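Novice: Residue numbers for the sequence shown follow my numbering, beginning at 15 and rising by one.
Keep in mind the hints are simulated off the structure, nothing from the lab. Treat each hint with caution, since some may be false.
[Claimed, not checked] The calculated lysine to any residue pairs, modelled on SDA-like cross-linking and capped at a C-alpha distance of 25 Å, are:
1) 258 - 206
2) 211 - 82
3) 211 - 149
4) 145 - 189
5) 244 - 189
6) 19 - 35
7) 81 - 149
8) 211 - 145
9) 260 - 110
10) 145 - 161
[Said to hold, decoys possible] Label-pair ranges, simulated between beta-carbon atoms:
11) 113 - 60: 32 to 42 Å
12) 188 - 47: 21 to 31 Å
13) 35 - 70: 42 to 52 Å
14) 86 - 23: 23 to 33 Å
15) 75 - 165: 46 to 56 Å
In this text, all values refer to a predicted model and were calculated from it rather than measured experimentally. Note that beta-carbon positions come from the ideal geometry of N, C-alpha and C, so glycine has one too.
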Amino acid sequence: HIDSKSKRRYYTKIQFYHVFMIKQLKELNFSLNEIKSISFDDAFYQIIELFKKRKAENENEIKQLEKANGHLESWIKTLSWFEINDNQNLQEGIIQLKNLPSRKIAFYRTRTSFDYENLFQNTMYFQKMLKQNNVAERDWYLFIFHDSMNDLNLNDLDLEFARIVCNETDENLSYIRNLPKGEYASTIHFGSFSLSKPTLSNLKNWCDENDFEIVSPLIGIYIIPLGWVKSSDQMVIELQVQVKKKYHDI
């Protein structure tokens, strides 16, 4: 109550505890309107349901923040690669043999032409699919070419759009699979993939000369995609194929 003479407000012991609880609810990001809706005379189950609802909202927000952080981590990795290598004379045609772990991917496979309009439409469809299914990507875009490297027809491709995802992603989902671990021959291509024929020939020749058999489809990893550069000749694509040593009869 308020003292009529001193105009001071006085609280009961219970009211002090109510004020304490209100401060705690504010710290838990409840709005003033939400706090006002809570009556300390309510049955506890009503308050419990309100708290459960807020907990679920918080968990969903955490998932969204984790997904956003995954995108930021991927972009930091992309731009850091560009910054580190921008002033180095990286030469097209250098082949590396990489021992790579299994990589879990989300994928969307279709027949399409390799032109900017179709690639954009399919990428947007794929990205929407990932968002609708709350799939957390954590790395670069991949294109997996299921046609022979010797006869890639860019107007009609069996093409897989893919993103590397978190290891915790359920691999039983129809759009999740693993790229097998093993040795991969890898090279860097600068510019649009449509101009990569000499790079692909060099990769295939290297495998033949070093007695390696190509045992996987061609994988194109867009390290610096078109969205980050002014023109397609600034794009950076890592091209990979899984290989194994050929066995010769003695």
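Novice: Which earlier hints can't be squared with this structure?
Specialist: 1, 2, 3, 5, 6, 8, 10, 11, 12, 13, 14
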